[in-house]
Amino acid sequence: MKKLTALFLTLALLAGFSAAYGADAPVKKLPKADSYEALKLDPKHGIGSNLVELTKQDKATLFTDEMKAKLLTEASYLNEYEDDLFQWFRLADGRIALVYKDIVKNAKGEEIKASPATIYSVSMQANQKITPGREIMVLAIPGRSKAKVKNMGNFLPLVLNPDLRPAGILNPGAIVAYFAPEMLVHDSVREGTASQRLGSMGSLLKGLWESTGISDIIQQTKSNFSSTWILGLGRVLMMAVGLLLIYLAIAKEFEPLLLLPIGYGAVLANIPLAGISGPDGLLGMVYVVGIDSGVFPLLIFMGVGAMTDFGPLIANPKSALLGAAAQFGIFFALIGALVLAKLGIPFDLKDAASIGIIGGADGPTSIFLTSRLSPKLLGAVAVAAYSYMALVPIIQPPIMKLFTTEAERKIRMKQLRPVSKLEKICFPLLITLLCAFLLPDAAPLIGMLMFGNLMRECGVVERLSDTAQNALINIVTIFLGTAVGAKLSADQFLTKQTIGILILGAIAFSVGTAAGVIFGKIMNKLSKDPINPLIGAAGVSAVPMAARVVNKVGLESDPRNFLLMHAMGPNVSGVIGSAVAAGVLLKALGGL
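Offset between the sequence shown (1-based) and this note's numbering: plus 157.
It is worth saying that the hints were derived from the structure and are not from the lab. Note that the Cβ used here is the ideal one computed from N, Cα and C, for glycine as well. Some clues are possibly wrong.
To be verified - Pairwise CB distance ranges (calculated):
#1 Ser272 <-> Leu587: 54 to 62 Å
#2 Arg574 <-> Leu621: 28 to 36 Å
#3 Lys303 <-> Arg574: 51 to 59 Å
Unchecked claim - Taking lysine to any residue and the SDA-like style, the derived pairs with C-alpha atoms no more than 20 Å apart in a straight line are:
#4 Lys216 <-> Ala226
#5 Lys363 <-> Thr378
#6 Lys225 <-> Val256
Can you make the complete structure from the sequences, with help from the hints?
Shown next, in the form of structure tokens:
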């Protein structure tokens, strides 16, 4: 009892002492788990050192098998950023790791082991910020189309996988790179931190040799010949293709205004290590500004409109049907591309539409549609379109003679009626309004074509019309040609698809010519006024070359049968027809 009483008194005294002396003493709070004070106590969070410095310290361990295992068990998995090919993991210190997936899904939704990817190009470097929308690398993956990987966030690459180089192989499960999220940047550095030491003479000479194009071509060719020869020997072949285009432009005068800059652009695009056609290169930037945006083809169309006289079409509106008939080649080639897809050449619907538009023999329209639907085919489609336009005098006459008789080629047509200035002014306005209400997707092409024509015909803006016809269209042609040539890089052109494009382009052009002639024969049978079927061949929109070829073939049968003005009606209507066809395809397939 005495012990309990003593214990009770002791506790009471302690309680009183605490009340007297500790009531006002502050209670020390523990820091929040993710606060600065808490995190700096644990070295793994890297508090006090920026992520660049941290990466320099543990760079040797970042791409090991142990680190791969740690990512799966200790890092935060960023599920919201996962896609078909890549995964993202965030380390405790804030660094983000990009991983090439080792397990992917096939077309049936079944999980299968991923295939190694061949690296075609790498456009990022450690400690150089990459902005949203910028291309960072290009991969070739078996069973998939070529992957152009673009950054869509504000990131600073901290360190890249040593295997991440052109002609290298990216294996499934490999860590591609580590990134730091960027909130702001500055250019202030500590004094005395820059390296002041040069390497040995041997290392300098070795680096100089490795910086030459010859070394790069040899290295890329022998690295893994079956998959990387395109990046080495393929570049040499494409330079030869570029020189061939230059030769055809200068010596044979085949569409020199386009083939010359396209050919020179192809040579520049394939110079090893220069990166001229890359995202930071001149031609790459010109492509983004002018072609990827669709501006250059539209400006070309404005210039074409300013140079075109729609009088023959206004005087003989029936000739527009011949221009429409000649667009049959577009849809024939589209179907042909889908047939080739069944035979092993990988074309989808968008690719087929881009190839089919070659049948319209309209370069700007081909470039505009292909840049929207299948940019990867742009180089081959543009070269095919302009090459076949240049070959009009060779391709068309045999087809025209095959589908017409000598008597039909001698048919003389009635003189076209005069067209008033008011009609010529109202025509572009009427066509623009019809396009706006019936097919808005074709409005950019038709609208710019008609705007250029309105400047020509109104007679009050001669300076603007002259600029559109000469200075502006010439400047745009230079940049358009070189930017298209930049897409003739070896990895994009030396494929089975290119062969299919060239074959289908020739077929589309031939079918368009034949369809126009056949429809001309039908119209001649049904019309009370005689119609020479030859003018149907001018329905392909190679203005004015197709009309000149029609006139030449007609004169061969009858030296006094001048068909030039009659052929200009279908010829200019073909320009409108190809633009309308492009609008239809863009509307039908643009959302796929």
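Hint check:
1. Ser272 <-> Leu587: 54 to 62 Å: Holds, at about 56 Å.
2. Arg574 <-> Leu621: 28 to 36 Å: holds (29 Å)
3. Lys303 <-> Arg574: 51 to 59 Å: holds (55 Å)
4. Lys216 <-> Ala226: holds (16 Å)
5. Lys363 <-> Thr378: Holds, at about 19 Å.
6. Lys225 <-> Val256: holds (9 Å)
Checked against the numbered hints listed earlier, the structure breaks none of them; every hint is satisfied.
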